[in-house]
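Student: Use the sequences and the hints to build the structure in full.
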Amino acid sequence: MMRTGSKPAAIYFIAILLFFICWPFLFQNSALYYRVMTMTFFYGALALAWNVYALTGNISLGHAAFFGLGAYGSALLSYYWHTSPYLTIPFGGIVGALYGALWYAVFRSLRGARFALATLASVEIPRVIIDNWESFTFGSLGLIGISSLTTLRFGSIVIAVGESLKAQYYLLLCFTLLILFIHWKVMKSKWGWAIRALREEETAASMLGVNTNFIHFATLLLSAFLTGLCGGIYAHLMGLIEPPLVFSLHISALPLVLTMFGGRYLVYGPLLGALILYPLDQLLFHSLLPVGHSILYGLMIILTLLFFPRGIGSWVQKRKTAS
Amino acid sequence: MIILQLFINAFSLGSFYALVALGFALIFGVTHAFNLAHGEFVLLGGYLAYILVGQMHFPFLLTLPISMLAMIFVAVLLQKLLRYVNEPYELNTLVVTFGLALVLQNGMLMLFSADYRFIRSTAPIIELPKTQLVVTQTQIILILTSLLATTALYILLRRTFLGKALRATIQDREAAKLAGINVRRMSLIGFAIGGTLIGLAGPLYARTAYLYPSGGIEATLIAIIITIFAGVGRIRGILLGGWALGIAESLTVYSLGTGWRELVSSLFLISLLLLRPEGILPRRMGANG
Chain R
67 MMRTGSKPAA
77 IYFIAILLFF
87 ICWPFLFQNS
97 ALYYRVMTMT
107 FFYGALALAW
117 NVYALTGNIS
127 LGHAAFFGLG
137 AYGSALLSYY
147 WHTSPYLTIP
157 FGGIVGALYG
167 ALWYAVFRSL
177 RGARFALATL
187 ASVEIPRVII
197 DNWESFTFGS
207 LGLIGISSLT
217 TLRFGSIVIA
227 VGESLKAQYY
237 LLLCFTLLIL
247 FIHWKVMKSK
257 WGWAIRALRE
267 EETAASMLGV
277 NTNFIHFATL
287 LLSAFLTGLC
297 GGIYAHLMGL
307 IEPPLVFSLH
317 ISALPLVLTM
327 FGGRYLVYGP
337 LLGALILYPL
347 DQLLFHSLLP
357 VGHSILYGLM
367 IILTLLFFPR
377 GIGSWVQKRK
387 TAS
Chain D
179 MIILQLFINA
189 FSLGSFYALV
199 ALGFALIFGV
209 THAFNLAHGE
219 FVLLGGYLAY
229 ILVGQMHFPF
239 LLTLPISMLA
249 MIFVAVLLQK
259 LLRYVNEPYE
269 LNTLVVTFGL
279 ALVLQNGMLM
289 LFSADYRFIR
299 STAPIIELPK
309 TQLVVTQTQI
319 ILILTSLLAT
329 TALYILLRRT
339 FLGKALRATI
349 QDREAAKLAG
359 INVRRMSLIG
369 FAIGGTLIGL
379 AGPLYARTAY
389 LYPSGGIEAT
399 LIAIIITIFA
409 GVGRIRGILL
419 GGWALGIAES
429 LTVYSLGTGW
439 RELVSSLFLI
449 SLLLLRPEGI
459 LPRRMGANG
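Heads up: the sequence lines are chains R and D, in that order.
If you count by the working numbering, then the first sequence holds residues 67 to 389, one letter each, in order.
If you count by the working numbering, then the second sequence holds residues 179 to 467, one letter each, in order.
You can trust all of the hints, since none of them are fake.
One-sided and incomplete, this derived list gives chain R residues near chain D with beta-carbon spacing under 10 Å: (1) S175; (2) R180; (3) F181; (4) L183; (5) L186; (6) N198; (7) G364; (8) M366; (9) L369; (10) F373.
It should be emphasised that the hints constitute simulated quantities derived from the structure, not laboratory data.
Being a predicted model, the structure only gives us computed values, none of them experimental.
Beta carbons are placed, not taken as given, at the ideal position from N, Cα and C, and that holds for glycine.
Tutor: Okay, structure coming up:
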């Protein structure tokens, strides 16, 4: 997709993008469509952010830590100092990145299954602290009434992002495109080759002059920052957060499932996974099984790993090279 | 006196943790499969016992063999599923069983709802003579079964021919193959024995802690911690690890309050991963008991 050398990829990309831009003009304005697609873009962005680090071959099961810290960082800043959401969200990203730096400092020698386990356990630390620090974070009661995204003014154009579902839809579309762009840059630059070399064989990569420590540090920090941003957006979009919600296993699991399903070695893989699975979950499974609809994600990850380990995006890729 | 009472509680809690960990440790040791759905399996056994006791009025101790048989079946199914996993085996089984954990969690949510369940004990609390110390029947069952299960597993691994083959598989799969051991059959047997132990832990879980669908991850973490602490293939270490974790958690709750309990296991796991990286891998030398 985008400019990978082949023209059709760029055409597909623009066609799909136009489809999402034009949908609201072509069809009836439906609140359900906006709500579902906004969250689809949101989870797509989350999956892309997750994959920035997963490209190095290290699977994280603990990105909910960055997400929750980003959400709490931006919500608390907005709650105590009434800062504009457009400043608190980047602050949430920075809080996430700080925890990412801590991860790097502590887990730098861990790889593979051991890294995955350590990340799984590390979500509990900020969660328990926030849960118990009631005087500052309101503990398990959660934060309620976080200010919604404020109205944007560009000269004469006024966009009420807080109230309009349509505005939120376009905002999240832009945000996801931005993260897609970063993800593309990470994969297709010279840096991307270094990351790929690192994934295949770390020792050999460092012999060839790849600064493996720096790559690990920079990708983890970037991934944590972007995940923190997602957390901040979530807090302002939803208006309420509580520790079990933002530090949940679901938040850690979803990017993994979406990315694996879509194709973890493709620029658009994580987003493709979100575009297919999230609407399927919300529109079909949610009405069929109101309580246990997340079963879809569990099934999908098992099927993906057993039967098409490179994700369904690789089918698109294969057909294109065959023709 | 309160310290002694605390110690009794910590000791029985630790025995319970060891029981939860035994099945995971054996399966991981023999097959290197990282079963992140372990806690959900334990919960399944717990829910089975809850239904048997609550709706069919079975005596509690009878639910143990039933749950053990059921879990052998489930564990063998898992072994069949994991045979299709590609390399890198450890990481991929981790991800597949993570998905399985999500499936089971949601399945249990549909079947049993998110309510907290518990098998109430009707037995009176036993007071030790001449002291103010009290012991519940559940605590006695926990300590006895954990000792029994550990001893049985120890004898199986150390005193029988099958145990010898299993230990050989734990130490070095390739060498075991060369020595004519059917590694695939050993992995099936490992899963079956692991399933038995999971089935033993399930009903006791329902008796000791609250059952709720998303509670499995905590049991999984405990099992992983103790397995790493013990080192693969070291059965006695599991009991020690369980007690150490039980005592650490009880002391934290006693000094800081219940809210901080969950932090202990996470910090324990992270420090073990960092400080004992060899614990998670099969030891090159002397995996003796």
